[in-house]
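Here is what each chain is made of, one letter per residue.
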Amino acid sequence: MADILEVHHLYKAFGGVKAVVDVSFNLKDGQLLAMIGPNGAGKSTCFNLINGQLRPDHGDIFIMGKNVNGSKPRDVWNLGVGRTFQITSTFASMSVLENVQMAQLSYYKRTKSLLQKVGRLYVDESMALLKLLGIEDQAERACGVLAYGDLKRVELAVALANKPKLLLMDEPTAGMGPSEAQNLMELTKDIVHTQNIGVLFTEHDMAVVFNHADRIIVLNRGELAAEGTPDEVQANEKVKEIYLGHGEPAGIGKKELIPADSKEA
Amino acid sequence: MKNTKIVRSAIWALLLLLIAGILIFWFSFKPDVFTGNTIKIGEIQTYSKLTVFTFPYRNGWQLALEEINNAGGVNGKKIEVISRDDQGKPGEAVKVAEELFSKDKVVLMFGSFLSNVGLAVTDFAKRNKILYIAAEPLSDAVVWAKGNRYTFRLRPSTYMQAAMLAEGAAKMPAKRWATIAPNYAYGKDAVASFKKILKAKRPDVKFVAEQWPALFKINAGAEIQALADAKPEAVYNVTFASDLAKFVREGKLRGFFKNVSMVSLLTGEPEYLDPLKAEAPEGWLVTGYPWYDIKTPAHSKFVEAYQKKFDDYPRTGSIVGYNAMYTVYHVLKKAGSTDTEKLVEAMEGLSFDSIVGPVTYRKIDHQSTMGAYVGKTALKDGKGVMVAWRYADGKDYLPSDAEVMKLRPQ
Amino acid sequence: MGFYLVQFLTGLSDASALFLVACGLSLIFGVLRIVNLAHGSFYMLGAYIAFSLIAYLPQGAFFFWTGILLAALIVGLVGVILEVFLLRRLYSAPELFILFATFGVVLMVQDLSRWLFGAEDILGQMAPGLEGSIDIMGTLLPQYDIALIVIAPLILVGLWLLLNRTRWGILVRAATEDREMSSALGVNQTWLFTTVFFLGSCLAGLGGAVQLPKGGANLLMDLNMIAAAFVIVVVGGMGSIPGAYLASVIIGQLNSFGVLIFPQSTLFLMFLAMAVVLTIRPHGLFGEIEAEEHAAAQTAGTVLKPASKKVRLLGLILLILIFVLPVFVGQFTLVLMTEIALFALVSMSLYFLMTGGMVTFGHAAFFGGGAYSAALLVHHLQTPMELAIFFAPLAVGLLALIIGWFCVRLSGVYFAILTLAFAQICWSVVFQWAEFTGGDDGLLTIWPSKWASEKIVFYYLTMVLCIGGILLLRFFIFTPFGYTMRACRDSALRVDSIGINLRRHQWLAFAIAGVFAGLAGGVYVFSKGSVFPDEMAIPRSFDFLFMVLLGGVETLFGPVAGSAAYTWLHDKIARFDFWQLAIGCIFIFLVVAFPRGIAGSVHNRFGKFFED
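Chains as they are written, first to last, in the numbering used here: chain A, 1 to 265; chain B, 1 to 410; chain C, 1 to 612.
Hints were generated in silico from the structure; no laboratory data involved. Wrong hints could be hidden among the right ones.
Unchecked claim - Incomplete in silico selection of chain A near chain C, CB under 10 Å:
#1 Arg83
#2 Ser89
#3 Ala92
#4 Gln101
#5 Met102
#6 Ala103
#7 Leu105
#8 Lys112
#9 Ser113
#10 Leu114
#11 Glu155
#12 Ala161
#13 Met206
#14 Pro230
Predicted, not measured: the structure shown is a model, and the values here were computed from it. Glycine residues also receive a C-beta, built at the ideal position from the N, C-alpha and C atoms.
Pulled out of the complex, with its shape left as it was, chain A reads as follows (with noise of 0.2 Å):
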């Protein structure tokens, strides 16, 4: 197993309030890695400045070996990485099909072409695609009118189309009912597996966390506050401290579990 995501001392701070502050993990192929910690703990910065949404003020991101500092999300997708969001992104006007040929068109480097339809281009790869993730039923239905649970599914799969080995997944699970998030979860560690493919995620459902990451790195004001399997995650006396907070009632601790808040996309 080799290192696809290795993140050294990583800085960033918005005005005077510092959102990250010396992080340093590293993610491994064929591993789900998941970043949890409460709300401002900086995790959606992190993971904005590995997809290369943001620039980090100092420190260093790999992705397989590259140093992709300051690197724009089109050119982190094209070392193979795929990536989900919080809020799920699809084009809204296309067909759950055309959304991953899509996909596949800008990995095949064809968006430019005026030559000839789109029609059965890609076609037979997506719709593989689309059976792996189990949605190939819905194929020609739009993506607007779709049901979230699916949306989730789609995006999962255009993440997939240009054959990453690292994918991002920003809260995965987020607005599913408990069992669907489990079964996506398990879908995921299924081709995640397979497919050799390293994941990071956050989450803030800890039954998903807990039943589904490999590893589990944990963010508190920015900095990194612990790392390690699931077990030795929940073991921690740190993180508990973190989550449920000095003499704090514990019933706003937990809530702080489960998501509220759709701000921090």
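Keeping the supplied structure of chain A fixed, place chains B and C upon it in accordance with the hints.
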């Protein structure tokens, strides 16, 4: 649910209103159609904009049309005018001309106010070989640079009116001149002609400043300052309408007019002078139309008939419209035919006595010799008027035949 | 010294009048997120109403200012009526529909004002007590200029207090910064929007009223002002009141000192300044970066599909009809059809851009650019028609590449306004560079070659080129590039995350659209025989937008149906005296009743029938 109901009923109400509106428009504005034997004439004018200029013009030709038809028409037929709006757009005017010409089968066309619309129709007339009498557009190009066999122009052109003013300006002691004109073709022509003629008559004058405010977007205070900075002894103004009003007011407040003599194009026309009311400038040398003071029998009769029919006094546009309609009458009578080539031959050299004086359409360049009134502005009963005016006959303010030949493509 | 000081103060007083109008516009945009074209009409109404009130009220300073304030309030109420009865129904519709509706209001107010107040220009009353001038180092400055210089900062401070020191203001600011958030927090948006619209309209009315002593009221002031107000709002940053003030001062001074240095280029300067500011600071001087617009919601649920067999058959019948038409109809119908076909091609190219999320307000620059390219070639180089028509699209493609380079860096309303600015720059070059372009006298005698000079031949030539162009654009929409364009519109975020360079594709699309609009322009000039700057002016750009909207943005046949309907409607209605009123009513009616456009509504109703 309730909300959608309201929306729906609102939509229906709107729809009904709309249909009613269209029907009203249809019936109230449908031109009177003569069922009998008529001669169809096309008329193109900007009636949806600039109505302050074009409505008096329409009144003018409608009055003349009524007179002509009441007197039995021409060549035993009544004249029917199909009048259309060009929206002030040359492209639209060409389309309307096309329709008048090919669908309505008019025998000739007259009208238009804006120079560029006039030029567009001029070009159309040339290509389609149809007679066009440009009534109001002032651009010199209509008869000179872009002149052609099928186009004639009635109103005294920019050049002629500038020449009328330059004559008076040459008699002024001022040597340092400045100009202000709207930054488009009319303004540029008016300034160029004035400079050329004044320079010829008075080689000692110097033009020390030029200002070119965008049309109807004058920045009056700043422009006045810029003019004043050049310390001119006299200023030639071409701005008009709302630009003129702002120019006059700012100039007064900034004490600009105290030490300069003003010469101003068209400012004596009621269209431009009347809105200024008590603030109308005094002592400016202008071209215009002192309808209240012209006592020739023909003109008095016209004013009386006009006021009776429209309950309003005539503007410059009114006499242009009136004369345009009579031009149509006289040319049809002279040609005795509706064949375009015969009409064109009849137009060349056509003469008749108009309400302002004799008018001849020159054979050499198709410009009519209709003149304008030149005088000084003054205040009377809290209103701007023209005093010490005289009628400047157009034939005296045109370049020599040799020059005209050079200006006009042969 | 006194001269420059007075020039500066004059610029400052001009800035005040501009600021009053622009800050209202900025406020409305910031909170309601609508581009209110009717704002200039409110400015005009303010002038007319104030004039009438002051004439009616007794003389004296007190009544003068009472009249002005009353006029502002009345205009504010007119604004409320507009908001409650029209705009409120459209908030959920795409931005463009609101634009469409407010332009309908502009047309209606035009004719209503003419009907109510007459066509004659009105010279405003002087302010009692401020009729004189003061001497500044030997140069006179009107007293009222001083009053204006004072009024604008007073309003600025007043607005600042209102927005920062009252509960209402805090809610307004919250809504400006984050609309969804404030609605989630239970703010009564309906009430908030109405009050903001009231205040914004009041300010426009006030702007119109206080400029009375400097000018007056006339029917052209609405459109004259709206362009300037937009420039200021965009330069200052949309939604920013201090930005609007700073931008007003900049534009005011530019106009004031500009006449000294470039007396011939006054039109050009303002738009150039705007283009420069937007190139350096894409969101204006004080503008915030806009949140990602969720354009996707507009098109949810409709997937573009290639034509079914029935639709193809229908298209074939239409084609045959077009080709046999000359046998049955007169020449004028052919002229009208030629115009419709050309406009349909332009609309289609605009639609093509819109599939990429680029709504441009400056498409006339391409259409007019094509017309002028061809006309200039013929005029200066005696190029034959065939070559001129060939080179026109290429020239415009190049122009589009240049303009596009600046514009595609922005999105949404900023993109639209920047395209407008560039179109205005093109227009003012054509208008003011008379030696080369003929200025407003245009270029004449651009007639077709001999073989095409018959109306029928030219009709067929136009049809071949236009239908070919339209079908080609339609084909493009289904190519990978076309898909990418739509992807760019649906989600910029997703496009970026699947490795697509959004700007480069949009840039290319801009050029393609330019080429086709330029082709239409090149043919158009030969159909008319002449070209004039108004083919490049703002109303022309809006004409094309309306054709697309009228047809419906969801169906590929929309632009064609829209341009046919629009041209026909225009031709029929323009025969009436108050046609602007009628067409304004129709616009509004269509927007409210058929938000999906003609083709969209037909599709809704008969869509099933046309499926395979």
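- Taking 10 Å as the limit, does the beta-carbon of A:Ser113 come near enough to a beta-carbon in chain C? Check passed: Cβ of A:Ser113 comes within 4 Å of chain C, closer than 10 Å.
- Message: Next item in the hint list is A:Ser89. Is there a CB on chain C closer than 10 Å to its CB?
- Response: Status holds, d = 4 Å.
- Query: Quick one, is the A:Lys112 hint okay against chain C at 10 Å, beta carbons?
  - Reply: Holds - the Cβ of A:Lys112 comes within 10 Å of chain C, reaching about 6 Å at its closest.
- When the nearest CB of chain C is found for A:Pro230, is that gap smaller than 10 Å? Hint on A:Pro230: violated, closest Cβ of chain C at ~29 Å, above 10 Å.
- Is the hint on A:Ala103 kept, meaning its closest Cβ partner in chain C is under 10 Å away? 5 Å, holds
- Does the interface hint hold: is A:Ala161 within less than 10 Å of chain C, judged Cβ to Cβ? Holds, about 7 Å.
- Item | Status of the hint placing A:Arg83 at chain C (closest C-beta pair under 10 Å) | This interface hint holds because 5 Å falls under the 10 Å limit.
- Is the interface hint for A:Leu105 satisfied, with its Cβ closer than 10 Å to some Cβ of chain C? With Cβ-Cβ at 5 Å, under 10 Å, it holds.
- With a cut-off of 10 Å, does the beta carbon of A:Met206 approach a beta carbon of chain C closely enough for the hint to hold? A:Met206 check fails; min Cβ-Cβ to chain C is 26 Å, beyond 10 Å.
- Do the numbers back the hint for A:Ala92, that is, is its least Cβ distance to chain C under 10 Å? Since chain C brings a Cβ to about 4 Å from A:Ala92, closer than 10 Å, the hint holds.
- Message: Please check whether A:Glu155 passes as an interface residue: C-beta within 10 Å of a C-beta belonging to chain C.
- Response: Status holds, d = 8 Å.
- Restraint satisfaction for A:Leu114 [CB to CB of chain C, less than 10 Å]: Holds, because the Cβ-Cβ distance from A:Leu114 to chain C comes to roughly 5 Å (cut-off 10 Å).
Consistency note: the structure conflicts with the earlier hints numbered 13 and 14.
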